[in-house]
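Student: Start from chain A and add chain B according to the hints.
2 protein chains.
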Amino acid sequence: MSIEHSVEEITQSDLERLPLDIARIHELAEALLPVYAQIEDNAPLSDETLNRKLVELMSILRELHPADMATVLESLPHKERVIVWKLAEPEDDGDVLLEVSYAVRETLIESMNKDELLAAVEDMDADDLADLADDLPHQVVMEALQTRDEEEREQVKAAMSYRDDQVGAVMDFEQVSVRADVACEVVLRYLRRFDILPNHTDKIFVVDEEEVLIGVLPIRKLLVCDPDDMVEDVMARDVVRFRPTDDVEEAAQAFERYDLVTAPVIDEHNKLIGRITIDEMVDVIREESEADMLNMAGLQEEEDLFAPVWDSVKNRWVWLAVNLCTAFVASRVIGAFEASIAQIVALAALMPIVAGIGGNSGNQTITMIVRAMAMGQLTGGQAMHLLKKELGVALVNGLLWGSVMGIVAVALYHSLGIGLVMVAAMTLNLLLAAAVGVLIPVLLDKFGRDPAVGSSVLITAVTDSGGFLIFLGLATIFLL
Amino acid sequence: MSIEHSVEEITQSDLERLPLDIARIHELAEALLPVYAQIEDNAPLSDETLNRKLVELMSILRELHPADMATVLESLPHKERVIVWKLAEPEDDGDVLLEVSYAVRETLIESMNKDELLAAVEDMDADDLADLADDLPHQVVMEALQTRDEEEREQVKAAMSYRDDQVGAVMDFEQVSVRADVACEVVLRYLRRFDILPNHTDKIFVVDEEEVLIGVLPIRKLLVCDPDDMVEDVMARDVVRFRPTDDVEEAAQAFERYDLVTAPVIDEHNKLIGRITIDEMVDVIREESEADMLNMAGLQEEEDLFAPVWDSVKNRWVWLAVNLCTAFVASRVIGAFEASIAQIVALAALMPIVAGIGGNSGNQTITMIVRAMAMGQLTGGQAMHLLKKELGVALVNGLLWGSVMGIVAVALYHSLGIGLVMVAAMTLNLLLAAAVGVLIPVLLDKFGRDPAVGSSVLITAVTDSGGFLIFLGLATIFLL
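If you're matching them up, the sequences are chains A and B in order.
Terminal number for the first sequence in UniProt numbering: 480, no gaps in between.
Terminal number for the second sequence in UniProt numbering: 480, no gaps in between.
Warning: the hint list may mix true and false statements.
Given that identical chains are not distinguished, each listed pair holds provided it fits within a single copy or across any two copies.
Pairs of lysine-lysine residues, derived as DSSO-like cross-links and limited to a Cα-Cα distance of at most 27 Å, are as follows [claimed, not checked]:
#1 Lys446 x Lys388
#2 Lys79 x Lys388
#3 Lys388 x Lys86
#4 Lys114 x Lys86
#5 Lys314 x Lys388
Don't read these hints as lab results, they were simulated from the structure.
Okay, chain A solo, but in the shape it has when bound (with noise of 0.2 Å):
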């Protein structure tokens, strides 16, 4: 975020006014819907009703924070949401941009002009400009680079250069750094010369003439030690650091588990390039956890509320698709029975219950463990004894509901062996969902493909045509 907006201006009143203030702009904006072209041609309004509800609508928006109004943007429907977007002070624009998820940035920057979105990048720190690049239209990146000076430059392309998840696409440039060769009191006063420190700045940087980092100065030492003593005497030497190239989500994993606020990136000859910060480290662990919860789910991507149908179609297509297809070898597989069914037509009434109860508890394993491996808990080494415990579970659990479910089977059906064959197959059925829910994600991960991606929809796979299997086969051994 943009430096304008520091944590300073955040006001006790903006936390508690911002649910009452969505519900209210979202009335606003329904109201105003019907002169919708009008508001986009910045034409004055006739209706003195209408009029009042557009002042008390712009009002509101002035007091918003980027964030709130970020939220607000993301709960409209496109319309309102245009008309939201046109009325926000124009000085907010860029932090907005950077605060919405990428699906409804798309449909804002659509909805601006070049000068709109020059004026609104224009102040943006080069980290930030390299962030939204992608996204803007070449022609206004092009001249946004130009009104910046050589350094900045240099510092969007370094940005610009690496991959979403590593990084150096999230560090920023604001690092202040000192010499280790001064006393604290020169840092102090060296300090006073900013107008203001950089956001969430907890550590001064320690180089050499070379600028290569030798240790950090944190500012809660600075703010205790002598004035006299030597950086080099107070600095923390040996610290954490990254690589432009590194991981961005074990970096965050780094952050949470040592609770950091901030931390240096150097470049291969250790020279300090840039830093990361928390803020950006809690964005990326939210996302990732969304990421694997959407993915586990079957959806490709955040997905805007309020995406028009067809881009919702794109977004969830592939997964139907492969979920019609194995729906496909599961019905093959009720298919091949036929002629069992043909005789004991009960059999096409049970089936569903053995199939489902494996892919109800295949999704409990492969959900934890997909939770386990995100935390970095769970090595290869490790999956046997999983395995073995799961498989535990699923005996227990098969004999257990089987048994329940078994004596309902006899009820219903006047026949021990229906009674028995749904024990068995759904204690089998149960078994296999332990087994493959264990080893999905292990050999996803193993074979370095994301083992939360489509997990929940291949384990589903697997128990339905498992159990049909399973329990037809049982039953046309032992029935008929």
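Tutor: Positioned in the frame of chain A, the structure of chain B alone reads:
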């Protein structure tokens, strides 16, 4: 986390070595399993090879940061875990207990005797002791409290009086406060009297003589201001503050939204009573997304990866039982159409396709909505809009994929009627999935329930029974 392990002590080598260390610890702990009893009794090992391994294990463990020790313990099966815990540095025990998950904490505490527990909590901050207190034997808590002074005892009791989901449960008491009517120079001199400032100190709290919070003085301003400036001229007045009864997830969202590092906690008379810090909030954010993920999959709570089979069974049985009930309902729906199936056995093979795609699509919808609700992006007023959009997506997907499967069905069973029923049933079941996928979380939220809990099981129940009913119903009407 307690103050002994401050940020400055984490070294770069910690970070790079961790994955290697974990693998080696696993190996060593496994190798030492046969002498589990001797290690537990602190008896010397006769086997020289094992003894060398024991020494190596101890030396690795001695270097571990408590947060890394926590990760190691989470990733170990029970017996190995007890060995490692036995060998860990006793002075870190308290920090490690604070870092591990509840499930694992329980197993660790069980393996410690009273004296070990007392030693572990001896130097702990009041807020951390309060955190642990629920999991510790009552006797240990009482004795630990007796060694504290009156103020600390009050703090522990205060922190323990709040629910886990309240700000009061995560606040600490390490805030630094000053008066408004002094010069910044005086503040700097006052700070210099500390040995070190508390972790994460990014602002000094400003209070009046009644301890009422009147503003905050950001360190980044204090360091740049003129030493003669008065605090009241430099401080920010209307800042974000929390009450101990505030919802901790909402506080975490405010931290995330406004990029906070610390924030004051005040009582009903606006008196400063503590502070909350970003490291606690990061944990809240992580736990919140995890809980959503686990709950959607039908796990009651975070589970120790290596929990005894019986504990895991208990954690999972509720949703399995719910699933069985819903599967039973679905089974009875099919049972009602047994006469139809007996006439056209192909129906039995095709019906899981209709149910399956409904479940998959419904899960996509519900996951997206649960996520939007967790982010505060979805208010009740928008439900109608969303419903329309999701129905639109369902209609497109239903006609598209319904037609594909319709053609496949015609090809397999040479009946145009079956194909048409397939198209209609898939479209209708997707529409049902969309409607229920929006309504379940919206209604759960409206009635104050967590929209994530078991929503996946609920939607699958509806799309299964609904899919069977629609498909078999249409087939009975049009094909018989």
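Student: Hints first: check each against the structure and report whether it holds.
Tutor: Hint-by-hint comparison with the structure:
no.: 1; hint: Lys446 x Lys388; verdict: within (19 Å within a copy, 42 Å between copies)
no.: 2; hint: Lys79 x Lys388; verdict: between (55 Å within a copy, 15 Å between copies)
no.: 3; hint: Lys388 x Lys86; verdict: between (59 Å within a copy, 25 Å between copies)
no.: 4; hint: Lys114 x Lys86; verdict: within (14 Å within a copy, 65 Å between copies)
no.: 5; hint: Lys314 x Lys388; verdict: between (40 Å within a copy, 17 Å between copies)
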